[in-house]
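Q: With the hints as your guide, set chains B, C and D onto chain A.
4 protein chains.
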Amino acid sequence: MSGVFQHSIRVGWGNCDPAGIAYTGWLPMFALQSIDAWWADRLGAGWYEMEFDHGFGTPFVSMRLDFSSPVTPRHPLVCEVAPVRLGRTSITFRVVGRQDGVDRFSGSFTSVFVTHGGLEKREPPGHVRDLVEREIAGNP
Amino acid sequence: MSGVFQHSIRVGWGNCDPAGIAYTGWLPMFALQSIDAWWADRLGAGWYEMEFDHGFGTPFVSMRLDFSSPVTPRHPLVCEVAPVRLGRTSITFRVVGRQDGVDRFSGSFTSVFVTHGGLEKREPPGHVRDLVEREIAGNP
Amino acid sequence: MSGVFQHSIRVGWGNCDPAGIAYTGWLPMFALQSIDAWWADRLGAGWYEMEFDHGFGTPFVSMRLDFSSPVTPRHPLVCEVAPVRLGRTSITFRVVGRQDGVDRFSGSFTSVFVTHGGLEKREPPGHVRDLVEREIAGNP
Amino acid sequence: MSGVFQHSIRVGWGNCDPAGIAYTGWLPMFALQSIDAWWADRLGAGWYEMEFDHGFGTPFVSMRLDFSSPVTPRHPLVCEVAPVRLGRTSITFRVVGRQDGVDRFSGSFTSVFVTHGGLEKREPPGHVRDLVEREIAGNP
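Chains A, B, C and D, in that order, are what the protein sequence lines are. Under the working numbering, the first residue of the first sequence is numbered 4, with each subsequent residue one higher. Under the working numbering, the first residue of the second sequence is numbered 4, with each subsequent residue one higher. Under the working numbering, the first residue of the third sequence is numbered 4, with each subsequent residue one higher. Under the working numbering, the first residue of the fourth sequence is numbered 4, with each subsequent residue one higher.
One chain only, chain A, in its complex shape:
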């Protein structure tokens, strides 16, 4: 039992380019959507509720993506998401996208915690820190 969060995405015709594979520009969109889904699952609040109900946000400061194999509509895109590093005011996620058991891309995404409605860095709320630390400890 790995317990790593997985988010499944339906890749469609509209995501594919004339080469018949998902256009590169959609892959960061899919990875980000999967991180949003991780928060919704783990914290019970995706980015929308986090901002409007919980008073903080997590804008991105960097992303790195490596594409190893094309994504197509022939299988669901299963995105595995896990936090891998928690700084004083930042968090880094690893996202791996797989189809039919084969890695298609993997990436690293770093956000900072900010107060809602501003872009001032802040430390995450205590229960968020606890949650992320537990999750990192459980995903060695």
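Don't take each hint at face value.
With a cut-off of at most 25 Å between alpha-carbon atoms, the simulated SDA-like pairs for lysine to any residue come out as follows [unchecked claim]:
1. D:Lys124 x A:Arg101
2. B:Lys124 x C:Arg67
3. A:Lys124 x C:Phe55
4. B:Lys124 x A:Gly17
5. B:Lys124 x C:Ala22
6. D:Lys124 x D:Ser65
7. C:Lys124 x B:Thr75
8. B:Lys124 x A:Arg101
9. D:Lys124 x A:Ile24
10. C:Lys124 x D:Ala22
11. D:Lys124 x D:Ser93
12. D:Lys124 x A:Lys124
13. D:Lys124 x D:Gly90
14. B:Lys124 x C:Thr75
15. C:Lys124 x B:Gly23
16. B:Lys124 x C:Ser109
17. A:Lys124 x D:Arg67
18. A:Lys124 x D:Ile24
19. A:Lys124 x D:Arg101
20. B:Lys124 x C:Gly104
21. D:Lys124 x B:Thr75
22. B:Lys124 x B:Arg97
23. C:Lys124 x B:Asp69
Residues from chain C that keep clear of chain A, each with C-beta distances beyond 10 Å, as calculated [to be verified]:
24. Glu52
25. Ser72
26. Ser93
27. Gln102
28. Glu123
29. Asp133
Every beta carbon over 12 Å from chain C, so not counted as near; a handful from chain A, in silico [said to hold, decoys possible]:
30. Ile24
31. Ala43
32. Arg125
33. Glu126
34. Ala140
The hints are simulated quantities; they were obtained by calculation from the structure and are not laboratory data. For each residue, glycine too, the CB sits at the ideal point set by N, CA and C.
A: Coordinates of chains B, C and D only, in the frame set by chain A:
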């Protein structure tokens, strides 16, 4: 038991505009994705497999959408899809998008059947005609 | 000299589907972007500044689009935008998308005026009404 | 006179999230569109013509993006694009996005050259190699 096909979409932060609701431009994207999912469910081939494996396509000639209530990330967007008219070389779908039991938008989308790799109109294959006629008869 | 507003869009590889033409879902996105650009040009405030600086918004209540010919990356997509009807609290635009002198799609888009941060209908500010009425009179 | 290629993008309401800034997922889309525009300007063939008329493609194997400042609709987004490394079968671009003279993001994007319709690596055509080498030499 209605039997009408439903496709559920996760609306996220990235689909929302500064008014805090899903940006209008995403709603046709969601409706089209739901029609693609209808084909995948009913025919066993979404638009991608339809083109590459079955040799025909269904480009759109028109869409009409009415927006009655905002779409937000607070609930899944459930899109109900049903074919409502089958012409000699065309098909019209009705799509209704609901969240939390409330209609958010409804639309009508008309495609024509064409040969793969070209844009010449053609009649749909017989098993497609049968399938659609049965579905229309069952969704009065 | 027609004076009708034109907005030019670069259609790229990433907007095309495996049939080698712009995916249907991008066409409403392009039309909406062109209406946003019309406001920026005519009022001096696109939707963003309209909401944040001018205190009102114009969410859509309907769109109708007819697609007559495929859009490709081979030519700029020139979208002609003109208001065609002004109601007490609503406005309707006509958008025609052309490439290389050939109509590709045409559409009708209706918005309502609302107060910022809410979704209550309101009449447009007087200078907006004047501007739109003049433009409609000049585009018979 | 730097001669570095610049591509200007209109960021709109529809690209912004509820925090009032361009959604992170659109920034790779904008950067990729700018690289496509670089090819169109320098080679006379964007990705579309490259595939369909010139018989080769340049799928991406990696992207790295750092976000330093928010992108908004208040100014055009000017993306500066330059090739920075040419391998035997790969090319790396640097893209810097600026608004109002301020860096908003910068990124590195690596593609491989492949034959059209396949995903087999190949060396770029000679005139492409020449063009890129000259451009790299001119952008120290």
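Q: All hints are to be evaluated individually against the structure, with a verdict given for each.
A: Verification of the hints:
no.: 1; hint: D:Lys124 x A:Arg101; in the structure: 22 Å, holds
no.: 2; hint: B:Lys124 x C:Arg67; in the structure: 22 Å, holds
no.: 3; hint: A:Lys124 x C:Phe55; in the structure: 24 Å, holds
no.: 4; hint: B:Lys124 x A:Gly17; in the structure: 21 Å, holds
no.: 5; hint: B:Lys124 x C:Ala22; in the structure: 15 Å, holds
no.: 6; hint: D:Lys124 x D:Ser65; in the structure: 15 Å, holds
no.: 7; hint: C:Lys124 x B:Thr75; in the structure: 19 Å, holds
no.: 8; hint: B:Lys124 x A:Arg101; in the structure: 37 Å, violated
no.: 9; hint: D:Lys124 x A:Ile24; in the structure: 16 Å, holds
no.: 10; hint: C:Lys124 x D:Ala22; in the structure: 24 Å, holds
no.: 11; hint: D:Lys124 x D:Ser93; in the structure: 9 Å, holds
no.: 12; hint: D:Lys124 x A:Lys124; in the structure: 44 Å, violated
no.: 13; hint: D:Lys124 x D:Gly90; in the structure: 12 Å, holds
no.: 14; hint: B:Lys124 x C:Thr75; in the structure: 19 Å, holds
no.: 15; hint: C:Lys124 x B:Gly23; in the structure: 17 Å, holds
no.: 16; hint: B:Lys124 x C:Ser109; in the structure: 21 Å, holds
no.: 17; hint: A:Lys124 x D:Arg67; in the structure: 22 Å, holds
no.: 18; hint: A:Lys124 x D:Ile24; in the structure: 16 Å, holds
no.: 19; hint: A:Lys124 x D:Arg101; in the structure: 22 Å, holds
no.: 20; hint: B:Lys124 x C:Gly104; in the structure: 24 Å, holds
no.: 21; hint: D:Lys124 x B:Thr75; in the structure: 44 Å, violated
no.: 22; hint: B:Lys124 x B:Arg97; in the structure: 22 Å, holds
no.: 23; hint: C:Lys124 x B:Asp69; in the structure: 17 Å, holds
no.: 24; hint: Glu52; in the structure: 19 Å, holds
no.: 25; hint: Ser72; in the structure: 18 Å, holds
no.: 26; hint: Ser93; in the structure: 28 Å, holds
no.: 27; hint: Gln102; in the structure: 17 Å, holds
no.: 28; hint: Glu123; in the structure: 20 Å, holds
no.: 29; hint: Asp133; in the structure: 35 Å, holds
no.: 30; hint: Ile24; in the structure: 9 Å, violated
no.: 31; hint: Ala43; in the structure: 24 Å, holds
no.: 32; hint: Arg125; in the structure: 24 Å, holds
no.: 33; hint: Glu126; in the structure: 29 Å, holds
no.: 34; hint: Ala140; in the structure: 40 Å, holds
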